[in-house]
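Engineer: Sequence:
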Amino acid sequence: MTLSLKKRILSITAGTLILGNFASLGIENPQNNRFYSSQPVYAIDAYEATIALEEYKVAYETKNSAEIELRLRDIDLNKVQVEKIRAYLEKRGAPLSAHAETFVRMAKKYDLPYNLMPAISIIESSGGKYNYRPYNYAGMGGQGNAKSFANYDEAIEFHATFLRAGYFDKGADTPEEIEKYYCYQCPTWGEKVQGVMNAIDSM
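Numbering (my numbering), first residue to last: 1 to 203.
Be aware that a few hints might be false.
[Claimed, not checked] Derived lysine-lysine pairs resembling DSBU-like cross-links, with alpha carbons at most 35 Å apart:
| no. | residue 1 | residue 2 |
| --- | --- | --- |
| 1 | K108 | K57 |
| 2 | K170 | K192 |
| 3 | K180 | K170 |
| 4 | K180 | K129 |
| 5 | K57 | K180 |
| 6 | K57 | K91 |
| 7 | K170 | K91 |
| 8 | K63 | K192 |
| 9 | K91 | K108 |
| 10 | K108 | K192 |
| 11 | K180 | K79 |
| 12 | K129 | K192 |
| 13 | K129 | K170 |
| 14 | K180 | K108 |
| 15 | K57 | K79 |
| 16 | K57 | K192 |
| 17 | K129 | K91 |
Rather than coming from a laboratory, the hints here were simulated on the basis of the structure.
Given the sequences, and given the hints that come with them, work out the whole structure.
Structural biologist: Below, the structure written as structure tokens:
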């Protein structure tokens, strides 16, 4: 084999490897992101998939606009849920008690259990007492790459979008199932979240 032929082969091989690396990163093709896979996503993906979540939010609102309108129209029928959340969070001295209605509204919009997000907030930050970053009450982005928000309402909707797109749409619809990805290093996380959900429901 001549030297020039060897160089050509090495050049082609190197080029193929480089292209393969870019493809695996999914920079140009968001479908390669784990966020779009059939598996639930890890909490750290919340930061990495911010743009993907915004795209999902727009698509979700467009596709389900009529159903969302009906859900939100019934918000007045769920004042009991609002009061349950508020009462429980106030009992715990949680700053998020003032946002009980937002929790219910976003749970209705994204078709989630009304008490799931406030329960996660208690386990992750004592209801907003010890946030990872500004207004990040749920560890969104993971401890090493936590995301900041402008206010709690923005954080709650981001959390709802993340749970719907990253978990419920992929079949992880109980605290125990969510735990495997959201807080896989915490073997009692799901049990604790479920316990808080039950406590809220019994208020």
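Engineer: May I ask which of the numbered hints given earlier this structure violates, with the numbers listed in increasing order?
Structural biologist: none
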